[in-house]
Amino acid sequence: MKSIQPRKQRKARYTAPLHMRQKYVHAPLSKALREELKKRSAQLRKGDTVKVMRGDHAGTEGLVEEVNLKRCTIKVAGVSNYRADGTEVPRTIHPSNVMIVKLELEDAKREKIFARRSE
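Reminder that position 102 of the sequence shown reads as 101 in numbering that gives the first Met the number 0, one-by-one numbering, no gaps.
No wet-lab data here; the hints were simulated from the structure. Beta carbons are placed, not taken as given, at the ideal position from N, Cα and C, and that holds for glycine. One or more of the hints may lead you astray.
Claimed, not checked - Now the in silico label distances, taken between C-beta atoms and shown as ranges:
id, residue 1, residue 2, range
1, N80, H25, 21 to 29 Å
2, A107, K1, 23 to 31 Å
3, L36, Y81, 31 to 39 Å
4, K10, S79, 19 to 27 Å
5, P89, Q21, 16 to 24 Å
6, A11, K38, 34 to 42 Å
7, S40, E64, 14 to 22 Å
8, D84, L104, 23 to 31 Å
9, R33, D106, 16 to 24 Å
Unchecked claim - Below, a list of computed lysine to aspartate or glutamate pairs in the DMTMM-like style, where the Cα atoms sit at most 25 Å apart:
id, residue 1, residue 2
10, K111, E35
11, K10, E35
12, K74, D84
13, K37, E87
14, K50, D106
15, K22, D84
16, K50, E64
17, K30, D84
18, K74, D106
19, K50, E60
20, K45, D55
21, K30, D55
22, K111, D55
23, K101, E35
24, K38, E87
25, K50, E87
Required output: the full structure, derived from the provided sequences and hints.
Laid out in structure tokens, this is it:
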């Protein structure tokens, strides 16, 4: 994008198609992963293990259960709220508030991306 006007930057982010929104769902890597992969952040995927760094659930570790590109949020196992009637509801978290502790590398394409960088 060429414009530096904040309103156009915001509009581009809000109206971005889903394949572009994947870039917004990145999270920083833990120090161990950072040294190993020589990368600072990575795209979040279902199955990654993350640690919540901010908010009421800070310090909680869990698997990413869902990545919502439409809202740019994720759901983590073990992070939930309770309704007035006592039912448990998963809580959505912004990707910038978590840190990736362990990556899901079953996908050969994803493994190739990290291998290319760490050479």
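Flag every earlier hint the structure violates by its number, smallest first.
2, 4, 6, 8, 11, 13, 15, 17, 22, 24
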